[in-house]
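Colleague: Given next are the chains, with one letter for each unit.
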Amino acid sequence: MSARLLETNHDPLKRIDVDGVTVDIIENALRNAREEMDAVLFRTAMSPGIREQGDCFPMIANKEGKMVVGQFGSFIGPFLEAYDEEIEEGDIILTNDPYMCNAAVSHLPDWVVLVPIFKDGRHIAWSAMFGHMSDNGGMVPGSIPIQATTIFQEGIRIPPTKLYKKGVLQADLLELILHNVRTPQWNRFDLNALVAACNTAAKRCVELAIRFGDDVLFSTMDIMLQRNYEAMKHIIGMFIPEEPREFEDYICDDGMGMGPYKIKCTMWREGEKAIFDFAGTDPQAQSSVNFFLNEDMFKMFFGSFTINVVDPQIVFNDGFYDLVDVRIPQGTLLKPNYPAALSGRTHALGRIFDVLGALLGMGAPEMMLNAAGFSDSPHLFFSGYDSREGKGNEWFQLFQIGFGGVPGRPVGDGPDGHSLWPGFTNVPNEFIESYFPLRIERYETIPDSGGAGLHRGGNGLSVAYRFLCDGDIGIHDDRWLTYPWGVLGGETGLRSTKKLVRADGSEESLPAKVEGIKVKTGDVLYFNTWGGGGWGDPFARDPELVRQDVARRLVSVEGAKRYGVVMSADKTVDQAATEVLRAQLIAARGDNSALFNFGGDLEDIRGRCEAETHLPAPVKPTFVGAK
Amino acid sequence: MSYRLGVDVGGTFTDLLLINEGTGETHTAKVPSTPEDSSIGVLNGIARICDESGVNPAEISRVMHGTTVATNAVLTGRGAKVGLVTTAGYEDTLQVARSFCPGGLGGWVSFVKKPLLAPLELTIGAHERMSADGEVVRALDEDQLRADLTTLHATGEVEALTICFINAYINGANEQRASEIAAEIFTDTPISISSDVVPEMQEYERTETTVVNSYVRPEVASYVSNLQAALDDKMGPDTQLSILRSDGGLASARASAESPVNMLMSGPAGGVSGAIYFCSRAGYDNILTCDMGGTSTDVALIQNSRARVRRETIVADVRVRAPSVDVRTVGAGGGSIAFVPELTKALRVGPESAGAVPGPACYMKGGVQPTVCDANVVLGYLPSDVQLGGKMEINREASVAAVQSVADAMGIDLMAAAEGIIKIANESMFGALRLVSVEQGYDPRDFALVGFGGAGPLHANALGVLTDAWPVIIPPGPGVLCAYGDATTQVQDEAARTYLTMAGDLTDEQLTADLMELQVRAGDALLKDNIPASEHEISYQADLRYAGQAFQITIDFTEAELKEKGVALLTGQFDAEHEQLFTFKLDDGHEILMIRALAKAKAKAIAERQIGQTGMSLEECKIASSRFYYEGDWYDSTIYDRNKLSTGLEVSGPAIVGEMDSTTVVLPGYVATVDRVGNLLINPQGSN
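Heads up: the sequence lines are chains A and B, in that order. Here the first sequence stands for residues 1 to 627, where the numbers follow our numbering. Here the second sequence stands for residues 1001 to 1688, where the numbers follow our numbering.
Honestly, the hints are just simulated from the structure, not real lab data. These numbers were taken from a predicted model, which means no experiment stands behind them. Here a beta-carbon is modelled for each residue, glycine too, at the ideal position from N, C-alpha and C. Relax, there's no trap hidden among the hints.
Chain B stretches covered by chain A per the calculated footprint, using a threshold of three residues with CB under 8 Å from any CB of chain A:
(1) 1099 to 1112
(2) 1157 to 1169
(3) 1419 to 1426
Excised from the complex, chain A in its bound form:
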């Protein structure tokens, strides 16, 4: 079963020699084309998620579907295998179903548009882009239902489908799809924008083929893939040990009372080949927190983390896939059986980066190991009918992504309240206030939330949302139970919390994953994200830097003591008291040689849970369901 490309011109593309300079020129031009895809999308898309936050990813692939430029790696190969249809010039394919494309996209709100690029009747390349839609129908506004137990509850499933046939929009189909979502106008525009971006890339590829020749472009794409192969071969030899190395981390819970779920990975090298084996990862979850991980996508994560070391200007691509073997056991959190729910995959997706970072860094921690980062993309949903005067009870639906502390790193302190995702930005609060019934009363970093260390972890953010009309909220966050770990003697970062203060003054702690909470006009939600872990010995940090952090309100006077630094009343460092305190604390802590500081073992953490978080501890996961 596989797709068949219909060509009217049957002359095969030929592999020819291309001089190095021409390759470099085409490489530049393809890089520009990819950036242009982003530019077109941002300017024409309509939902805040895509246009302000940049939740979308472009790609240009060669004829076989290997990504030549892009970000998250190609999903075209798996898609072509699964798509048993003919494809011809002018067709544009749309899908959102992870189960139909081998997890090319990992949950239904991500809609992928795929354009086969033709020139003179010959298929020469692909362009594709996916973007996160504001809504996909299903149980809850925003379509990421925590309580879903099957994918059928997560909204409309679009199997690989021709949105355009030979250049003609299948309008009935589009209307059918849009009829099933809560934000048809946003989705219509965003989809339009995805198509426009892919068409732009297609146009650029055809122009390049005209300028340099079809065979030159075809061959150059192979050479660009080969460049990555060579570079990654070197990197694998350099960074991946033959001796297996393992690491495990967790997502805290599944939103339905079970957790934490373990993600375990073992890494080693056999000859030229790197192997990543996820044996030992917990079984799939009962709810939507499963992350259906495409093996190729993981290869891309691995590659992009390491390639910058050798040639930061290289156009990164798929060329090295044969050098990496990824093994994910079926039926686990990372490869759940159909029809498991998948929409809340953001936590496990994020956590993969902490696991990968730890595995790669632990061989040379002083040079390469970062503490646990802001490995998530917390969501807030707020929806309802705008009952304020003059707003006509219009439906509104807000989707906000939260940001937190970047960890302490070999290069220095972690930035406060930043994103670990490429290209992501927050939505300006003034924008939100002018279009949604909300007032954001505070938007500030949380002092002392970054883990103490020689290099401080970045602080988390506290955002205070005051609701200006009644509505429903949903929250997706993690690291409320397990800690953002520190490394090389660095402390853990502060965990995430959510507090709802009702208009009458009563307070409640909300779970990290919750939906359907009714809020009233005047209620305030404090959405507090977590801080990054600390890097290195906090007692070795220059007291002057601690003083500066205190002056900047990033660390409190009390918090300075975690660095063994005592502040005087005049806001300078009390040198003598600092020396005494540091000596005491160093003596008291004893052995400090553990590479990782997880904030205690899992059973301790579970035992302290209710007292510390005011939330019941989740129970150990078990799974009964489809096999």
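Could you slot chain B onto chain A? The hints should help.
Modeller: Chain B in isolation, oriented as in the chain A frame:
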């Protein structure tokens, strides 16, 4: 006799251009810049140009000035210590900086954040709140603010103060009041408030822009007042000093000292203005400009002799919401360094630059790495055996040795490596030219391409081949074109307000009334600078988008057009532009974000000047014979002296045209003609 003087202060040189307003006669001079106090270089230059031309300084009535003082303060981190007052709860707005980490996946691992321009230890929160509709939700707590400002003042650290409150773009009343209170405490410190500097939505961008204004303000103010005093002293008290703004308009010295954030792109704006000046007089109203300097190249698209203005200015890592000529910059210049990463064996050019020190290898000032300039020397485009107008000696052996290192790393021969470097640099500039043309829906073949800056004329012909934009125009004095631009633009000011109104809800009468109010405010600034209302030219702008889009398009229009069509004028023009850009339009949902009135002083004509040495034959303009390498072959070429070439002469490629600070390459198969304003027009041979 009345003279006007254009002065462009660049990083390395200060260029001056003196124009006799009656005869059009010009004199130029180039003196070293004096970065510690740029006014010294300017005065040195004035002394030199008056000395060489015999013009009495007292005859210079107007000095028009493009300056990088503000830009350099940002680039070198030498601006003022800025104190910041935000709405309480928003003190960390700059620290969080929209949460953005640059780079791809894993880019955060190596991201090192630059220190804030307003440090957190000098930031305080004021208890106040404005709603998104502009209503006061919480009145300003004046006593608390007074106490906190007093504490801030007591640190003795604050050299400039910024106030930026949430939603102040829609109602600046709380900011105004806070500013009055601050002025009682910070009696001798400049205060910038966001609702004055940039009344636009988005708290991070508005705060950053206002802070940058404060950051460069003391330095710019003292520079401007020193210069004005020195000019008054030398030229008499009536000398009118104006400064070129990023958007291509001139501002009075007074106005620019108050909002220097509008001067960050003064230099590139001067180049664009100069290019427009020469091209429009030659009949080319649609041009692509390519200003290639030592470290970077600025390109812009000009339609109908009017530069597009973008409401964003970017200087290094600093990105502010200030209007500037829509110039795109790429890190490819004459000094860009070529290298070959060991593993991938790819040829990379830039963005690292050899700068002025150590400089390209050929100048023998310590540089050994191969630069674009060295590749030009190796290929013979920059002749080493003939001394042209420039005063710097060129050593070809040094360039050969440098470029050979790249050739060896790639395993190719010297000439192929040199051509490779040039091609990569050209491709990078071509990418920028495409960005402003093809990617905005314009076909470069409908434009002429203008090459200037020190290195632009070397590459312009090749860029013409890539873009197919003909003719390629090399204006007179391509190395001092910015000074031409400075000397030939007009004083301008604007008044704007955030509108956020759906076009469908707006009557023609309301829109007209709102614009007329802005018109009065814009004209006031010119009146303050003694430009009578009879000399004002008024035009209008509105920023539109389809409600929900992040993107916006600025529509320009006149009062007459507004009277004729009303609101439909805006929506119609927006639809047309949107369709050109993105191939589709919608029928409704137009949102008007901002409206603006622009007041410009009417232009004063300058007479045409005499070109070259009339009656001299092409043969007599010849300096020497030489040869250069192009597309794999050596060509015999002739070197000509541009100062002698008169109108109508044709130079056939392969040829090189030299002048004081620039060298033009005419490739085989192309011909350069001198037009009546002195431009070199390069076209494919046999074309018309």
